[in-house]
Every structure is written in structure tokens, then in C-alpha cells.
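Engineer: Go by the hints and put chain Y with the ligands onto chain C.
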Amino acid sequence: MSTNSENMEDLVNKDYEHGFVTDIESDTVAPGLNEDTIAFISKKKDEPEWLLEWRLKAYRQWLKMEDPTWAHLDIEHIDYQAISYYSAPKSKDDGPKSLDEVDPKLLETYEKLGIPLQEQKFLAGVAVDAVFDSVSVATTFKGKLADAGVIFCSFSEAVKEYPELVKKYLGSVVPAADNFFSALNSAVFTDGSFVYIPKGVRCPMELSTYFRINASNTGQFERTLIIADEDSHVSYLEGCTAPMRDENQLHAAVVELIVLKDAEIKYSTVQNWYPGDENGVGGIYNFVTKRADCRGDNSKVSWTQVETGSAITWKYPSCILKGDNSVGEFYSVAVTNNYQQADTGTKMIHIGKNTRSTIISKGISARHAQQTYRGLVKISKSADNARNYTQCDSLLMGDQCGAHTFPYIEAKNSTATVEHEATTSKIGEDQLFYCKQRGIKEEDAVNMIVNGFCKEVFKELPMEFAVEAQKLLGITLEGAVG
Amino acid sequence: MLEIQNLHTKIGDKEILKGLNLSIKAGEVHAIMGPNGSGKSTLANVLAGRDGYEVTQGSVEYEGKDLLELAPEERAWAGIFLAFQYPVEIPGVNNVYLLKAAVNAIRKNRGEQELDAVEFLALIKDKMKLVKMKDDLLSRSVNEDFSGGEKKRNEIFQMAVLEPKLAILDETDSGLDIDALKIVSEGVNSLRNEERSIILVTHYQRLLDYIKPDYVHVLSGGKIIKSGGPELALELEEKGYDWIVKDDKGENEAA
Ligand SMILES: Nc1ncnc2c1ncn2[C@@H]1O[C@H](COP(=O)(O)OP(=O)(O)OP(=O)(O)O)[C@@H](O)[C@H]1O
Ligand SMILES: [Mg+2]
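Those protein sequence lines, which keep their order, are chains C and Y.
Just so we're aligned, residue 1 is where the first sequence starts under my numbering, counting upward by one.
Just so we're aligned, residue 1 is where the second sequence starts under my numbering, counting upward by one.
Extracted from the complex, chain C is given alone in its bound form (with noise of 0.2 angstroms):
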């Protein structure tokens, strides 16, 4: 009926809620990438030798690492000279104190996203350590975690304030030489956050980080280091929304996790960086490398995340099951909407005994869209007794976009146990028209179906973050079914 296809109309036409930029001076180093770059950035950053040494040493492996090429990803080639590694925002001196020293348009921003830091302190309890362009600006709640015992602070902060501890881990889990992506990241990072648990604590709070990506044309290169020492507990949340452009912005974050004897990481991301136009125009490109290392007996990690931003996704959160009994975890919703591509899963390396990983893998497809599956799970000899599930979900709207599942098995101990299964299906007009029978809108209707389909990682997620995707997924595919 027409009247309904103007509706669609509408809805498909909806812009991207979270496209504004906000106008900070930013102090931007020149485009291009040498040893210079690195040690301006180095310099800038007032850092110890040691770590400027490690960045070039990362930069010249990288020199000698080819571009990765992807079987199911369409990418225009990236020029690595014409990108500025170094962006902060200006603020008068070293840096704000507290809130009230923070650039008010930045706190602005956070309005419009809906993530006012003052309430968040009071109410959710949360402490922000809000990575703005480079520079961390804005941390909260120093205090509380201080009396824990926790750190939790930018990763500049770190290297200054726990040098012993960052030379001790940083790059222990991601080798700067990893891959391209991480060794770039190694020679350019600019700021992210570092996060260490003591032995036999439980952090009294969620923790949270709030991305933005802002000056233009400027890559960010993040890098997180989390430690959770023996017997300790942490939930760490990352969450990102960007404002519109149109040129590709190059994203290539690493983030480590080390987790000791008898510790847990529960490591949560909401991801909703600019996917481009419905054209394909513009957007971020994600590539990222995460990865934990369940280095002690009875450790465990879980990965949980939302993807439903940038143009590009490639990303494959991992476990490393080192310990005898550790436990790897992986809930991942992907959604791909337009021209949207993504290549995500995990890698659950299994080494000690009885060791499990559980891999639930939800992926949405609208419109042009592009999502492929790619897991390995191995099974080392030593790894008595390891068992693996996988479950790999993809929900299809509409008939142009695709999904395509590479589960990769190696396993060298045949006391395993290894699972997995499969399928695919798809929004149907009939089901939108059923639920619209029955006096329910079509992007409530979307909602529920596409969030009935995600349910098992939607419970993984901590209950406001949850809330929160689930407005997400709404959002970024209302009108895709028509």
C-alpha cells in the first residue's frame, strides 16, 4: 500500500542519530608515516626511551609486512601516508583536573550521546575514562577504585605512573609483530586505557570507556592493556558512537588481556561507529586485535560484543586457554546494514587441560550488506579433555545482502570434544505483516524479531549496556526490511 512504502521511505532516510562533530582545535601532526612520526608522537607523549625504542622496532616489522587481503571484504586500497598519526584535543595545560575543566563543547558531545558524565557517576556508579580523539580528557570515579586498590587510568597516565607494569605486559599477548594491523598499532598508538586489578579483588565497579573518533582524517590507534592478577574479578565496558563524515577513517585498536590464576575478565563492547551513507560512502573502518591470554589454572575471559557501526569490520576477539581449566567465552551480534561489510569471530586456542570455550556467534544482514563468520577453534596435544561449542546464527533481511560461516577446527588431542552448529534464516515480509496484524509497528516489530534472534548474547551483556544495544539494534535497522 503506499502509504506504508513512504513510511519505509522515511525510515530508511533516517540519518545516522549520532552524526555531528564537534569543533575542537585539534593540535594535528602532518600526514604521513616515518621514524619522525613516531618519535613526535613519542616526544609529545613524554615517553621513556624504552617505549619509543619498542615503537620503531614495531614500525620497521611493519615496514616489511604486506597489506592483508580478505576473501569476503571489499577495500579500497588505504594510503598509510596520507593519514596524520597524532591529534589532541587543545586544552590550556597538561590536561583538566576535573569536569569542570573540561572543554565544555566536549561535554556537549557527550550530551548529544546521550552520556552525561555527571549523571553517570551518580547514578550508574560507573567510573569513565573517556578516550576523546588521542587523549584521554575526562576520568572519573579515580578515587573509589584508588581505595580498591584498582588502576585504571589512560594508558599514558600508565606508562608514566606503572612503568614496571606496562613494560612487564605490553605486547606480551599481541606481539607488535602479530600482524599489520597490530604492528602499525604498536609504532603509532596514541592513548586507550590501562586497567589492573591486585591480586584477590573484585572491582568494586563496572568499568567503562566511552570512544569517539573525531578530528578528521586522523587514525586511532588504541591501545588497552587489562591485567587482572590472581583470584581478582573486573567487568570492563567499551562502548563508541561517531559523528558523520564522509572520508574513511582507519580505526586499528589492540587490546590485552591478562589473566592470572583463578582471575576473570568480562570484557563487554558496544560498537557503533559511522557505517557510512546508504551509498557506502564514508565510514570507519574497523580492524581491530584483541586477544586474552588465560595465562593461570581456573581463569576465564568473556567476550561480549555488539557490532553495528563502521564500514568495514574485521575483528576476531581471542582466548588463549593456557591454564589447566580456564574457560574462553565469545557472544558476538554483528549487524551489517547498506553497504556494510564485516569479517569477525574468534580464535579459541586450546592448550591446558580441560579447558572450554563456548563460541555463540550472531550475525545480521540488511540490505547490501556483507558479513562473513570466521572462527578457529584448536585443540593443542596438550589440552586434555577441552571441549568446544559453537553456535553460528545469521539472520538475512532481504534478498541482496549475504552471510557466509568459516568455522576452522584443528585438533591435535583426540580426547576433545568439539561442537558446532549452524544456521540461517530470514526477516520475512510475512512476519513483519504478522506482527502488523496484530497492531505492532514495523520497527517494534524488527526490534523484537531481531532481538528475540540475539537473545543468548543479549544476556551475556551487563543490564544497562544491554538496554542500550538492543536500542541499537533497533536504530540501525529500522526500514531495512521492505
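Simulated from the structure, these hints should not be mistaken for lab results.
Hints are not guaranteed to be accurate.
Here are some of the chain C residues that sit facing chain Y, going by a computed Cβ distance under 8 angstroms [claimed, not checked]:
#1 Tyr434
#2 Gln437
#3 Arg438
Cβ coordinates follow ideal geometry from the N, Cα and C atoms, glycine included.
Structural biologist: Just chain Y with the ligands now, with coordinates in the frame of chain C:
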């Protein structure tokens, strides 16, 4: 309450309804019978506002308003309910959850207070008894892996909960076993009242033994070619459609 005049409908290039007239007053039950492919489900879908059905001529007035102007969900809010010939499966979406969303969407759009979980449960408890709905069907995904009969029963259960003003039951009887047919029919009968009108699409007299219609219509070739009382259904049971269809061709020529 429903006034269909000279309704012509195309699906793609194919004309399915070719000048259908039907008038239904509040509280009446109309049975629509007719050969396979004659356009019964098409009519049901057009009334419910399904995409892909183009109305090329004619009008449908519902409670004095132009029904064709309304989006499907707006029709639901206005009290139109379609029990599907082929109820749709929605994996992962809880049956009760969908129903609660439906109840509250309708209430909200009528400016009524939405029901909370407790009120809603109280509401459905009664209705479950009405159609002897099994508990476990409620907690399962909408229609997923339901048997054919369970799906049909679920449709009538939804109808009972949503309390529509105009219910269109598209072959709700097919797929029901003898006992289920009786239970579902009793459920429908108990929902009959002076305000609620029902369109019963069926192939079988059997259903009409339980739910006694006020009128019976024969739909063939996209038109209603014969209307009568309950006795017409009996006649059809006995003689099939051939005699009227042939008859109609003659009349057509004459008109
Ligand atoms: N989407 C479609 N595309 C093309 N033709 C269609 C479509 N839907 C229905 N038709 C045709 O329209 C005609 C009427 O179909 P409809 O489903 O209304 O029949 P019906 O009277 O309900 O039949 P039955 O008793 O078998 O349920 C049939 O010839 C059918 O093939
Ligand atoms: Mg039919």
C-alpha cells in the same frame, strides 16, 4: 460496520478480486466459501492491509471510515483481526511476549493504559481456558514447531485476548482435529456478541454446524456470486460449486 463496494484487487499484473460487494453489520457472522484460488484469502489480506495487494477500483468502508487509507497496524488498532490461514513462525520471539506487545500497542493507540505483567497474565489466564490453550505453547517461540492444529488454536487464542470488532478467520478449521474443532468453535461462539462481527472463510459445512452463520456467500472468480442463509452451505456441501459457477456465467452475460 463493513461496506465493501465493487472491490477490484491486483496482485502484480493479475486481477484477483473483480468487483466484490459485501456488507456486514455489527454482530453478524458471515461465512465465505468458494473454490480454491477464488480469492478468499486475497480478500482477507486486503482487509488486513497486506502489502502487494493493489486496489484498483472500489471502496471499503469500516465504521464509516475509509479502511484502505489505514496501515495494517492502524487497522489492528481499529479492531480488525485476521486469523491467518498459514500462521507465521517467528523464531526467538516468545509467544506471550508478542501477544503482550500486541495488547499494549493496541491499548496505547486507543489511549488506554498499558497493562503491566500482572494485569496481562490475569487477562490471558481466562482466555487460555476458553480455547484450552496449553501452557507450554505460550512460552515457546511464536508458532515455531507448533503443529498445524496448535497454530490455528493459537490464532483463536490471540483473537480472544485482543477482542477485535471485526475478526476474519481464514480457514481456521482446516488442520484442527475433531475435538479441537469443537473447542475452537466454542471459543469463537463465546466471543460472539452484538458488536463483534466475524468473517468465516471455510470450505466445510462442519465448521458451520458449530458456528452458525447469519449469511453464507460464495466467492468465485473474484466476486460474490451467491449469497444466502445457512442453508446455502448445506446445498453447497451436497452439490459442490459447479451449478452456481455455471449459473453465474449466464447471469454475467445477461448483466
Ligand atoms: N503473491 C501472489 N502472486 C500471484 N498470484 C497470487 C499471489 N497470491 C495469490 N495469488 C493467486 O490469487 C488467486 C487467489 O488466491 P487466494 O489465496 O485468495 O485463494 P483462496 O480463495 O484463499 O484459495 P484457498 O481456498 O486455496 O485458500 C490464486 O489464483 C492465487 O494463485
Ligand atoms: Mg485461502
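Engineer: Confirm or reject each hint.
Structural biologist: Structure-based check of all given hints:
1. Here the hint on Tyr434 (chain C) is kept, as its CB sits about 4 angstroms from the closest CB of chain Y, short of 8 angstroms.
2. Given hint, Gln437 (chain C) at the interface with chain Y, holds; its Cβ is 5 angstroms from that chain's nearest Cβ, closer than 8 angstroms.
3. The interface hint given for Arg438 (chain C) holds, since its Cβ lies 4 angstroms from the closest Cβ of chain Y, which is under the 8 angstroms cut-off.
Every hint, counting from the list given before, is met by this structure.
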